[in-house]
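Undergrad: Those protein sequence lines, which keep their order, are chains F and R. Just so you know, the numbering used here puts 135 at position 135 of the first sequence, and the rest follows in order with no gaps. Every number in the numbering used here is 1000 more than the matching position in the second sequence, counting from 1.
Worth flagging that the hints you see were computed from the coordinates, not collected in a lab. Heads up, some of the hints might be wrong.
Unchecked claim - Below, simulated BS3-like cross-link-like pairs (lysine-lysine); rule was C-alpha separation at most 27 Å, straight line:
#1 R:K1084 - F:K47
#2 R:K1084 - F:K20
#3 R:K1085 - F:K132
#4 F:K20 - R:K1098
#5 F:K132 - R:K1078
These numbers come from a predicted model, not from an experiment.
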Amino acid sequence: MSMNLIPGIESTGSALSAEKIRLEIIAQNIANSNTTQDASGNVYKRKEVSFEEFIKTPERRVPGFVDENLYQGVRVTDVFDDQTPGRMIFNPGHPHANEDGMVEMPNVDVSREMIDLISASRAYEANLTVVKTSRRLAQQALAIGR
Amino acid sequence: MNEISSLPSLSDLLTQNSNLQANKQLDRFAKTSELGQGFGAKEAQQTNGVDFVPIDKTSPTDRVTAPGFSQMFENFVKGVDQKKKISARETQDLILGKSDNIHEAVVKSQEAGVAFNLMIEVRNKLVESYKELMRMQV
Chain F
1 MSMNLIPGIE STGSALSAEK IRLEIIAQNI ANSNTTQDAS GNVYKRKEVS
51 FEEFIKTPER RVPGFVDENL YQGVRVTDVF DDQTPGRMIF NPGHPHANED
101 GMVEMPNVDV SREMIDLISA SRAYEANLTV VKTSRRLAQQ ALAIGR
Chain R
1001 MNEISSLPSL SDLLTQNSNL QANKQLDRFA KTSELGQGFG AKEAQQTNGV
1051 DFVPIDKTSP TDRVTAPGFS QMFENFVKGV DQKKKISARE TQDLILGKSD
1101 NIHEAVVKSQ EAGVAFNLMI EVRNKLVESY KELMRMQV
């Protein structure tokens, strides 16, 4: 990264983006905790994200600034379905009931999603704290000259 | 910023000006050599008592070692400008709904802010050292 004045900003930025996607997926799970039919006609399956470290080359180079530093960030590689079967509920009048009158509920456990939500938001906050701290460091370093 | 960099520097103007004057003198030599037949241009120069000094077309800033401070500072200013432009683009994308990463826009604007502050500090130092020179006892 050319002229990297705020330490760690690029890695932290990618982590913020990844945690944001994780939050979105958790929100999606909670929103669909009672969805018995998704877009393809099956019961909604809980979604999970997987993170992966990646090495990013600087996307923009300013002429005159030579910088070979690559930074390691994180990105979401996959959003996958949790395949555990959901609860079966007897409800013959339900439009999504099978021939035995059973309706499969989504395998979303709202309390578990809440815990994941706390974890994701804490991870986001941690990265925000890194941004704040490193910005403050840069500004304090600049204040030496005053 | 582009407008500033496109303006010719003072030293460039001065060299251009002295070039013009030198050309005029050469014209005059040519005329005298035509009028006074048999006199060469060299003699005309000698009779006028003016020695022709070749103009050094390089500006004083080019004569010092390669990239130079001005070039370096210009690149730095361009870098700061680049950061500011990136920040503006991110913010615009966010406002227009092209992007939904709030942190991206804020982080970029903070980066641009820190870079700008650094530029201000460097400028302050430069102005300070210039003033210090001006205060020097002669």
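Undergrad: Taking the hints in turn, state whether each one holds.
TA: Consistency of the hints with the structure:
Note on K1084 (chain R) and K47 (chain F): the hinted pairing is violated, with a Cα-Cα distance of about 38 Å set against a maximum of 27 Å. A C-alpha spacing of about 25 Å is found between K1084 (chain R) and K20 (chain F), which places the hinted pair at or below 27 Å, so the restraint holds. A threshold of 27 Å between alpha carbons decides the hint, and for K1085 (chain R) with K132 (chain F) the separation of about 22 Å falls inside it, so the pair holds. Distance restraint check for K20 (chain F) and K1098 (chain R): the Cα-Cα separation of roughly 16 Å lies within the 27 Å cut-off, and the hinted pair is therefore satisfied.
Taken as a hint, the K132 (chain F) and K1078 (chain R) pair is honoured in the structure, with Cα atoms around 26 Å apart against an allowance of 27 Å.
Checked against the numbered hints given earlier, this structure breaks only hint 1.
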